[in-house]
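Turn these sequences into a full structure, and let the hints steer you where they fit.
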Amino acid sequence: MAVASDHPALWRDQQFLLLASARTISVLGNGFARVALAFAVLALPGATPGRLSLVLACQALPQLMFILVGGVIADRMSRARLIVVADIVGAVAYAGLAVLALSGHAPLVLLCALAVVAGTATALFSPAMDGLVPLVVPAGRLQQANGLLRVGTNTSLLLGLALSGVTVAWIGAGWALALNAVSFVVSAVLTARLRVPGRPGKSSSGWNDLKEGWREFASRQWLWAVVAQYTVVVACLNANAGVLGPLVAEEELGGARAWSVIVAAQALGTIVGAGLAARVRVRRPVLVAVLATFPAAAPIALLAASAPVWAVAATMFCSGIAADVFAVLWSTTIQREIPEESLSRVASYEWFGSLAFAPLGLLAAGPVAGVAGTRVTLAGCAVLITVATALALLAPQVRGLTHRWGEDGLPQQ
1 MAVASDHPAL WRDQQFLLLA SARTISVLGN GFARVALAFA VLALPGATPG
51 RLSLVLACQA LPQLMFILVG GVIADRMSRA RLIVVADIVG AVAYAGLAVL
101 ALSGHAPLVL LCALAVVAGT ATALFSPAMD GLVPLVVPAG RLQQANGLLR
151 VGTNTSLLLG LALSGVTVAW IGAGWALALN AVSFVVSAVL TARLRVPGRP
201 GKSSSGWNDL KEGWREFASR QWLWAVVAQY TVVVACLNAN AGVLGPLVAE
251 EELGGARAWS VIVAAQALGT IVGAGLAARV RVRRPVLVAV LATFPAAAPI
301 ALLAASAPVW AVAATMFCSG IAADVFAVLW STTIQREIPE ESLSRVASYE
351 WFGSLAFAPL GLLAAGPVAG VAGTRVTLAG CAVLITVATA LALLAPQVRG
401 LTHRWGEDGL PQQ
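When we follow the numbering used here, the leftmost residue of the sequence shown carries the number 1, and every step to the right adds one.
Among the hints, a few may not be true.
[What the hints assert, rightly or not] Now the in silico label distances, taken between C-beta atoms and shown as ranges:
id, residue 1, residue 2, range
1, Ser21, Pro197, 17 to 25 angstroms
2, His105, Glu341, 46 to 54 angstroms
3, Val166, Gln221, 42 to 50 angstroms
4, Ala311, Ser219, 41 to 49 angstroms
5, Ala390, His105, 44 to 52 angstroms
6, Ala311, Gln221, 32 to 40 angstroms
7, Val376, Arg195, 52 to 60 angstroms
8, Val166, Arg193, 30 to 38 angstroms
9, Ala218, Trp175, 40 to 48 angstroms
10, Ala192, Gln221, 36 to 44 angstroms
11, Asp13, Trp207, 35 to 43 angstroms
12, Glu341, Arg195, 15 to 23 angstroms
13, Met65, Ala139, 28 to 36 angstroms
14, Ala372, Leu17, 42 to 50 angstroms
[What the hints assert, rightly or not] In silico SDA-like cross-links for lysine to any residue, where the CA-CA straight-line distance does not exceed 25 angstroms:
id, residue 1, residue 2
15, Lys211, Arg76
16, Lys211, Met77
17, Lys211, Leu159
18, Lys211, Arg195
FYI, nobody ran anything at the bench for these hints, they're computed from the structure.
Every residue, glycine too, gets a C-beta built ideally from N, C-alpha and C.
As structure tokens, this is what we get:
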């Protein structure tokens with residue numbers, strides 16, 4: 001592993017700056033919503049762990065149901081335009097959630113309906129965003145661009161998380177959700193200014209597009225092996241972040257402020273990890289990415305062991321570093337290895353596989369914790385992450401896929 005040279009010209013690219021600014025601002029709002037939504041639901045009359053699980057599962061389920069449709073649409077129309085639509089839909093959803101939280105009257109049906117809308121917006125956004133970066137950034141700068149984008153978004157997330165606990169404690173979760181809605185509007189305005197190449201018209205059906213995307217996905221062992229791994233990993237991480245972690249924080253650690261410190265520590269780690277991943281030259285990117293998943297189990301195990309806040313926060317910081325090393329190497333590998341015309345569809349299959357158990361994890365976390373205990377459920381999540389990651393290493397292409405680097409620090413085809 002070596003360190004690549006800097007390429008400051010990327011920051012002088014207006015299109016990249018627009019993209020980075022839009023992502024940074026929308027993620028700032030998500031930093032507020034990530035803490036606020038859980039505590040907004042828990043603060044409502046009659047709140048239970050099961051009710052929280054249901055609302056979060058309603059947000060996650062549409063991401064799974066519509067992600068493949070989002071991939072097909074993103075490969076058939078302007079990806080930037082689709083992101084604008086997704087941002088507007090997300091703004092409407094979070095504005096509605098904010099109104100319900102601020103009013104103190106939030107029927108479960110309305111909470112779940114707005115959560116479904118928010119999840120649908122994510123399903124449209126994610127494949128489009130994965131396919132947009134190669135249209136804005138030169139091929140040789142993809143890893144640096146992915147790293148810089150994540151440095152910006154992770155810094156913004158850290159700021160949002162750091163302020164969210166104070167906002168929730170002082171003026172309520174509803175205002176934090178409202179700020180997220182505003183951030184989506186600003187992101188939509190900035191993204192609308194991007195100028196990217198138009199997509200050629202297609203005469204094939206959406207069903208044929210899906211089959212073509214599946215062939216591209218299934219023909220690469222390294223791709224489906226890691227996606228299978230993350231089917232388990234994402235479900236466990238979502239259960240921890242959305243339900244189990246807030247429950248432990250509420251019961252033992254001091255509430256929203258303690259949990260915001262823990263998740264902010266992870267966000268700080270992701271900034272360091274993204275900055276590192278933007279600069280390193282890795283010959284076996286998928287192998288390194290999979291190995292970087294192991295630290296994700298450590299903070300969950302410490303929560304299960306009733307460790308103090310500072311210990312959990314320290315391991316969350318380390319897991320954040322590893323998580324963004326994974327994210328940058330993984331995104332760059334997909335963008336380099338998959339043809340651009342089918343990139344969003346392949347990305348949608350990746351998202352679909354990774355999110356396959358996420359709604360189940362969120363839906364089951366509260367009831368399982370109620371029966372088996374929160375700490376036992378957390379310990380089970382830590383074990384599942386470790387086993388799934390170890391199994392992914394058995395795939396030969398995971399260990400064997402290589403990238404070559406030139407003397408100028410840029411990848412060679």
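Hints, verified against the model:
no. : hint                                : verdict
1   : Ser21 x Pro197: 17 to 25 angstroms  : holds (21 angstroms)
2   : His105 x Glu341: 46 to 54 angstroms : holds (49 angstroms)
3   : Val166 x Gln221: 42 to 50 angstroms : holds (47 angstroms)
4   : Ala311 x Ser219: 41 to 49 angstroms : holds (44 angstroms)
5   : Ala390 x His105: 44 to 52 angstroms : holds (48 angstroms)
6   : Ala311 x Gln221: 32 to 40 angstroms : holds (38 angstroms)
7   : Val376 x Arg195: 52 to 60 angstroms : holds (53 angstroms)
8   : Val166 x Arg193: 30 to 38 angstroms : holds (33 angstroms)
9   : Ala218 x Trp175: 40 to 48 angstroms : holds (46 angstroms)
10  : Ala192 x Gln221: 36 to 44 angstroms : holds (39 angstroms)
11  : Asp13 x Trp207: 35 to 43 angstroms  : holds (38 angstroms)
12  : Glu341 x Arg195: 15 to 23 angstroms : holds (19 angstroms)
13  : Met65 x Ala139: 28 to 36 angstroms  : holds (33 angstroms)
14  : Ala372 x Leu17: 42 to 50 angstroms  : holds (49 angstroms)
15  : Lys211 x Arg76                      : holds (15 angstroms)
16  : Lys211 x Met77                      : holds (18 angstroms)
17  : Lys211 x Leu159                     : violated (41 angstroms)
18  : Lys211 x Arg195                     : violated (29 angstroms)
In summary, the numbered hints that this structure violates are 17 and 18.
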